[in-house]
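In terms of numbering that gives the first Met the number 0, the sequence shown has 159 at position 160, counting the first letter as 1, and numbering is strictly consecutive.
To be clear, the hints were calculated from the coordinates, so they are not data collected in a lab.
Any given hint could turn out to be false.
Computed list of lysine to any residue pairs in SDA-like fashion (alpha-carbon distance at most 20 Å, straight line) [to be verified]:
| # | residue 1 | residue 2 |
| --- | --- | --- |
| 1 | Lys138 | Glu112 |
| 2 | Lys138 | Arg150 |
| 3 | Lys75 | Pro243 |
For each label pair, taking beta carbons as the anchor points, the in silico distance ranges come out as [to be verified]:
| # | residue 1 | residue 2 | range |
| --- | --- | --- | --- |
| 4 | Arg269 | Ser115 | 30 to 40 Å |
| 5 | Leu224 | Arg269 | 34 to 44 Å |
| 6 | Asp279 | Ala241 | 21 to 31 Å |
In this text the structure is predicted, and so the values were computed from the model without any measurement.
Yeah, the Cβ is synthetic: ideal placement off N, Cα and C, and Gly gets one too.
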Amino acid sequence: MRAEDVTSVILPPPCHEVEPPSHDVIDRIPAAPPGQRRPGSLGGVTIEATSNFIRFQAVFNFRDVGGLATDRGAVKGRTLFRSDTLHRLADADQAAYQVLGVQTVIDLRRPEEVRSSGRAPEWAAPQYHHCHLDHPHWKHSDYREELGVARYLADRYVELARYGHRDIAHVVELIAGEESGPVAVHCVAGKDRTGTVVAFVLELLGVDDDAIAGEYALTERSEELFVAWARDHVEGFADKPAVPYYVSTPPEAILLTLRELRKEFGSVQRLLGLTDATVDRLRAKLLA
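Generate coordinates for the entire structure from the input sequences, incorporating the hints supplied.
Written as structure tokens, this is what we have:
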């Protein structure tokens, strides 16, 4: 949903076919005091885990989701990464990126987004899967200030889950596969599609809802760096007003999403139609 520089690219096959130096660690993110919250900041949600932002030249929301706790153990580090679009990785990023050991990149963008901007460099994706998640385009007319960002986003994420549950299930199966190795999942901003997929994975692993919401909310911390870059590199960006639901990641959005999907489907596993064997493989791979 962010403007991207345009290049020509051959569309990849659809999904169904087939500690670096620049490392910032956030050990604890306290809840903001009432009245001091920015839209999307953590309000009453504290994560007692590690979230690793890994800086690259023009990729701003790449992070390791390892460290979150469950009753079965902690989520392993350097096993599942989430990111904004990886087509902006530069050759100068290669050494720091390859230290991470990523073997598989799962690209959740729409086909037209891949065509217009390109895919991750081959050196960054030994295995590359383009997995578009079926869902309607967002309508700005559906957003009303009185509705609020969290409610609007939750409605979009529930909609994504209803339309794209089979596609999301396939992504989870890819992540769970031993042959995939460490996986990086990304869309454009690494916020909505990636945020929903990662939230579902963490829920299947047994991570507490507040910790899932806190991890999701971290995306907002990458916004300042992206904006500074985009003002210089994306034509017309500086002239466009900020859209509240593009730049905010309120933890309540994920809490509402999980609550409402469980009410409708019983569980994330049932929503996605995953077998117990798949969930067991996911936990065996991602939990220490």
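Which earlier hints turn out false for this structure, listed by number in ascending order? Result: hints 3, 6 break, sorted rising.
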